[in-house]
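Q: Residue-level listing of the chains:
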Amino acid sequence: MPAVRSRPGPPVPELPLRIVAIAAGGSLGTLARYGVDRALAQGGPGFPWATLAVNVTGSFILGLVVTLTTGRWERARFVRPFAVIGFCGGFTTFSTMMVEIAQHGQHGRVGTAAVYLAASLVGGPAAVVVGMALANGRILPLPGDRSIPDPDDLGLLYPDPDPDPDRGPDRDPANDPDVDPDRVTR
Amino acid sequence: MIIAGVAAAGALGAVLRHLVDRLVQRRIRSGIPLGILLVNLSGSLTLGVLVASGLRHGIPTAWVTVAGTGLIGSYTTFSTFAFDTVRLAEADRRAVSLLNVVVSIAAGVGAAAAGLALGSLG
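Sequence order for the protein chains is A and B.
What the first sequence shows, in numbering that gives the first Met the number 0, is residues 0 to 185, in sequence order.
What the second sequence shows, in numbering that gives the first Met the number 0, is residues 0 to 121, in sequence order.
Bound-form chain A, shown alone (with noise of 0.2 Å):
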């Protein structure tokens, strides 16, 4: 994506690995855009709301997930294809967006077309920013030291075996912080 390479971000994947992580998004993001079309779809030659509520949250959401993986989540490096390449460019669409601004324009519904067209404009824009504030706590202040877990961290989930490499393998256990449960002071 052009968008995020004006600012320091992610290392980005090897191609192979990217476009596993772009396709299973992107699938999952047709998917959901499928699913509120049919949800909304009203049969007939209506508002496109469908298509301008998918735009208008896939933007947020974009705007959300670069604002965090630019920040905080630096080593995330499947996050980005995965959510904003695959599911935000699956979910939002341009082209519909355009058929549909056209064939309301060849009905001589000129009014529904404009007020489509503009508030796809503002809103989407919109969306990025509101977005992108959430994400940096100018709406939510979130409480404590605002840092947000790694997701792509394995340390979190496998702990350092090994947590000092001043200390032998022949430690005592009497004086191991790790073995008594009282005297924890790491």
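Since the hints were derived computationally from the structure, they do not count as laboratory data.
Fair warning: there could be bad hints in the mix.
Claimed, not checked - Restraint-style ranges between C-beta atoms, simulated for each label pair:
no., chain 1, residue 1, chain 2, residue 2, range
1, A, Ala-118, B, Gly-109, 16 to 24 Å
2, B, Val-101, A, Pro-15, 34 to 42 Å
3, B, Met-0, A, Ala-117, 36 to 44 Å
As the list claims (entries may be wrong) - Here are some, though not all, of the chain B residues that point toward chain A, as calculated from beta-carbon distances under 10 Å:
no., residue
4, Ile-2
5, Ser-43
6, Arg-55
7, Leu-70
8, Ala-94
9, Leu-98
10, Val-100
Please read all numbers here as calculations on a predicted model, not as lab measurements.
For glycine and all other residues, C-beta sits at the position ideal for the given N, C-alpha and C.
Given chain A, put chain B in place with the hints provided.
A: Showing chain B alone in chain A's frame:
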């Protein structure tokens, strides 16, 4: 069956978008995000052709849904377009941001209308 088709087409569309975007961005250095612009314009034209010829020739709805909603819908993207608009404006490149919006919308609606006209011909 349609759901499986939409899921597979959506995966393909997203990967295709990434590859086209990368190819364009690598070759042409430009202030405007040309890769996504090319993706969105070519997708709008193709979807116009598909929708119009689908109606004219009575192509089964399942096929139009998989190709249109699945493949082309996922190939084109609005969220990156919206993000680029904000990113360029925040980087004090408001003219480029506005130019990208105007070109994307004007050429996008034009491409979709041309596609609809083309598709209802043949």
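Q: Go through the numbered hints given earlier and state which of them the structure violates, listing their numbers in rising order.
A: Hints 6, 8 and 9 not satisfied by this model.
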